[in-house]
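Q: One line per chain: the protein sequences are A and B, in this order.
Position in the first sequence (from 1) plus 566 gives the number in the working numbering.
Position in the second sequence (from 1) plus 566 gives the number in the working numbering.
Just so you know, these hints were derived from the structure itself, not from any lab.
Here the structure is a predicted model, which means the values were calculated and not measured.
Wrong hints could be hidden among the right ones.
One copy or two, it doesn't matter: identical chains are merged, so the pair holds either way.
[Stated by the list, open to error] Below, computed lysine to any residue pairings styled on SDA-like, alpha-carbon distance capped at 20 Å:
(1) Lys752 / Gln872
(2) Lys870 / Ala685
(3) Lys870 / Glu858
(4) Lys870 / Ile855
(5) Lys814 / Ser788
Number of protein chains: 2
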Amino acid sequence: MMKALRFEQGQLRLADLPLPSREGEALVRVTLAGICNTDVEIVRGYANFSGTLGHEFVGVVEDATDNSLIGQRVVGEINAGCGACDECLRNHARHCRRRNVLGIRGRDGAFAEYLRLPASNLLLVPDAINDHQAVFAEPLAAACAILEQVTLTSAHRVVVIGDGKLGQLIARVIATTGCDLTLIGKHESKLELARAAGVKAQALADVVPAADFDVVIEASGSASGLQLALDLIRPRGVVVLKSTFHGKVELDAARVIVNEIKLIGSRCGRFTDALALLADRRVNVEPLITDEFALADGVAAMNKAQERGVLKVLLRP
Amino acid sequence: MMKALRFEQGQLRLADLPLPSREGEALVRVTLAGICNTDVEIVRGYANFSGTLGHEFVGVVEDATDNSLIGQRVVGEINAGCGACDECLRNHARHCRRRNVLGIRGRDGAFAEYLRLPASNLLLVPDAINDHQAVFAEPLAAACAILEQVTLTSAHRVVVIGDGKLGQLIARVIATTGCDLTLIGKHESKLELARAAGVKAQALADVVPAADFDVVIEASGSASGLQLALDLIRPRGVVVLKSTFHGKVELDAARVIVNEIKLIGSRCGRFTDALALLADRRVNVEPLITDEFALADGVAAMNKAQERGVLKVLLRP
Numbered sequence: 567m568m569k570a571l572r573f574e575q576g577q578l579r580l581a582d583l584p585l586p587s588r589e590g591e592a593l594v595r596v597t598l599a600g601i602c603n604t605d606v607e608i609v610r611g612y613a614n615f616s617g618t619l620g621h622e623f624v625g626v627v628e629d630a631t632d633n634s635l636i637g638q639r640v641v642g643e644i645n646a647g648c649g650a651c652d653e654c655l656r657n658h659a660r661h662c663r664r665r666n667v668l669g670i671r672g673r674d675g676a677f678a679e680y681l682r683l684p685a686s687n688l689l690l691v692p693d694a695i696n697d698h699q700a701v702f703a704e705p706l707a708a709a710c711a712i713l714e715q716v717t718l719t720s721a722h723r724v725v726v727i728g729d730g731k732l733g734q735l736i737a738r739v740i741a742t743t744g745c746d747l748t749l750i751g752k753h754e755s756k757l758e759l760a761r762a763a764g765v766k767a768q769a770l771a772d773v774v775p776a777a778d779f780d781v782v783i784e785a786s787g788s789a790s791g792l793q794l795a796l797d798l799i800r801p802r803g804v805v806v807l808k809s810t811f812h813g814k815v816e817l818d819a820a821r822v823i824v825n826e827i828k829l830i831g832s833r834c835g836r837f838t839d840a841l842a843l844l845a846d847r848r849v850n851v852e853p854l855i856t857d858e859f860a861l862a863d864g865v866a867a868m869n870k871a872q873e874r875g876v877l878k879v880l881l882r883p
Numbered sequence: 567m568m569k570a571l572r573f574e575q576g577q578l579r580l581a582d583l584p585l586p587s588r589e590g591e592a593l594v595r596v597t598l599a600g601i602c603n604t605d606v607e608i609v610r611g612y613a614n615f616s617g618t619l620g621h622e623f624v625g626v627v628e629d630a631t632d633n634s635l636i637g638q639r640v641v642g643e644i645n646a647g648c649g650a651c652d653e654c655l656r657n658h659a660r661h662c663r664r665r666n667v668l669g670i671r672g673r674d675g676a677f678a679e680y681l682r683l684p685a686s687n688l689l690l691v692p693d694a695i696n697d698h699q700a701v702f703a704e705p706l707a708a709a710c711a712i713l714e715q716v717t718l719t720s721a722h723r724v725v726v727i728g729d730g731k732l733g734q735l736i737a738r739v740i741a742t743t744g745c746d747l748t749l750i751g752k753h754e755s756k757l758e759l760a761r762a763a764g765v766k767a768q769a770l771a772d773v774v775p776a777a778d779f780d781v782v783i784e785a786s787g788s789a790s791g792l793q794l795a796l797d798l799i800r801p802r803g804v805v806v807l808k809s810t811f812h813g814k815v816e817l818d819a820a821r822v823i824v825n826e827i828k829l830i831g832s833r834c835g836r837f838t839d840a841l842a843l844l845a846d847r848r849v850n851v852e853p854l855i856t857d858e859f860a861l862a863d864g865v866a867a868m869n870k871a872q873e874r875g876v877l878k879v880l881l882r883p
């Protein structure tokens with residue numbers, strides 16, 4: 567039996583469960599897990615998930631068909647595709663229509679002592695990366711996805727809207743390109759944290775929109791963030807929609823068309839890119855950790871994660 | 567003096583005016599002009615324009631600083647930039663913040679016996695192109711803009727939503743790429759017209775959205791068209807927003823993000839591309855002409871342009 571933090575029938579609770587069983591998949595003992603806004607949103611009822619929460623983790627393989635994996639420290643891609651459809655064959659399992667997603671869709675997650683994933687989803691963690699860094703691999707990969715979608719050079723003026731966990735990670739990743747980067751947010755303490763990482767940061771109240779940024783990355787998750795993005799972006803510029811919105815948002819479509827703006831939705835990214843940034847010390851994630859709880863205190867940890875000013879909260883099984 | 571079809575103080579009327587005077591600009595005698603949906607929208611009060619309507623035209627240069635232009639048959643780029651700002655220096659006068667636009671913003675238009683434009687906006691019309699073809703240069707250029715923004719090959723499955731003037735032109739331009747193209751519309755007669763041009767056309771009522779098109783071009787101008795675009799586009803696909811929307815539209819932002827869809831606003835294009843397609847007989851525009859009126863009957867022509875089933879209505883000064 568094992569402990570797991572579950573969301574079922576509208577209730578968040580700690581449960582004792584049998585170890586997960588999925589034939590042919592690797593069994594991973596979770597050593598550290600991270601709470602994401604998506605977990606909070608699931609508990610608020612926005613998604614339609616029921617089961618063990620959590621998709622950010624680092625752990626050790628305890629069982630696998632491939633013996634060489636056993637005992638290895640790993641992180642894991644969270645999307646598991648069918649392996650046979652057009653998207654899977656293009657290596658886009660994250661867009662497989664029949665996919666399940668760790669702790670998000672049809673698959674128990676990482677807020678547990680053990681999880682299972684296909685061995686092909688697992689990536690070995692280099693020794694240079696400790697657990698407190700490796701646990702950021704998933705959200706850091708999501709930030710890296712932007713660089714798959716937009717080419718950035720030192721000639722580009724870029725703004726990230728949102729100083730939360732996601733905005734902070736994105737700013738750190740984008741800063742590695744050498745572009746002229748500004749982070750915009752509402753919270754002075756978080757803006758200071760970005761400055762400490764070498765990122766220019768500006769309070770939202772001080773922003774004078776001049777429609778002259780080449781790329782705007784929306785990571786606030788609010789409709790007002792999207793509107794601000796359109797106020798900041800230059801004609802023919804690129805707005806990356808990075809954070810989750812719920813329901814419909816109002817879009818000033820005429821502005822998008824007249825100014826020939828490009829809006830790009832962006833979700834998951836490549837773990838290899840994230841691990842490389844961590845191993846090379848190009849992105850420092852540990853200052854983003856606000857607190858760490860035992861898994862047994864998972865309900866309290868989820869509450870903490872929703873408090874104002876809090877960034878990453880970790881869970882230790 | 568000359569006749570001009572003007573929209574002033576909420577009224578559309580024919581007026582007698584002095585010839586337009588703009589120092590240093592070429593004077594063009596308009597031989598044929600086309601009514602665009604934008605003209606109809608201006609008269610409905612959506613834009614904030616006051617003056618002579620019209621931006622689709624072909625004419626003959628009657629006066630210019632460069633004598634070699636005089637007597638030449640021309641069409642003209644409708645955006646006149648300041649010539650000095652960052653956008654103008656990038657050759658994007660259409661995004662100059664101080665631009666004026668023929669018959670749309672701060673500049674009298676083409677529904678008149680004469681108009682003026684900077685000589686640098688004018689393009690000579692090859693002899694192979696007659697006036698009834700050349701008058702389509704502006705909307706055809708707008709259709710060509712899509713090919714500047716998206717690369718299409720025979721491997722791509724593409725859909726155009728909207729069987730009106732714009733959708734018809736776009737479909738004809740897109741068909742030249744050899745991609746697998748479908749036009750979706752509501753009007754059987756217009757779908758037939760597309761079929762006659764060699765384009766697969768499907769009635770909206772028969773569409774079963776399967777989210778498997780690589781590129782969707784929205785040319786219906788309705789919010790339901792945008793929603794249909796999101797229903798048709800595959801993950802990581804491209805939705806081109808081509809037609810004007812008024813006010814805010816509701817966007818299913820979560821879908822855009824989860825499926826990592828790209829939305830691209832698209833407005834004006836290069837006249838050179840349009841003239842090349844016409845000169846090479848690669849696009850046949852004349853079947854899209856529904857009717858032709860004398861400029862003196864301009865008010866009746868504008869009414870005709872708004873009737874159901876009508877495509878292009880021309881005005882002859």
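Q: Hint by hint, work out which the structure violates, then give me just those numbers in ascending order.
A: 2
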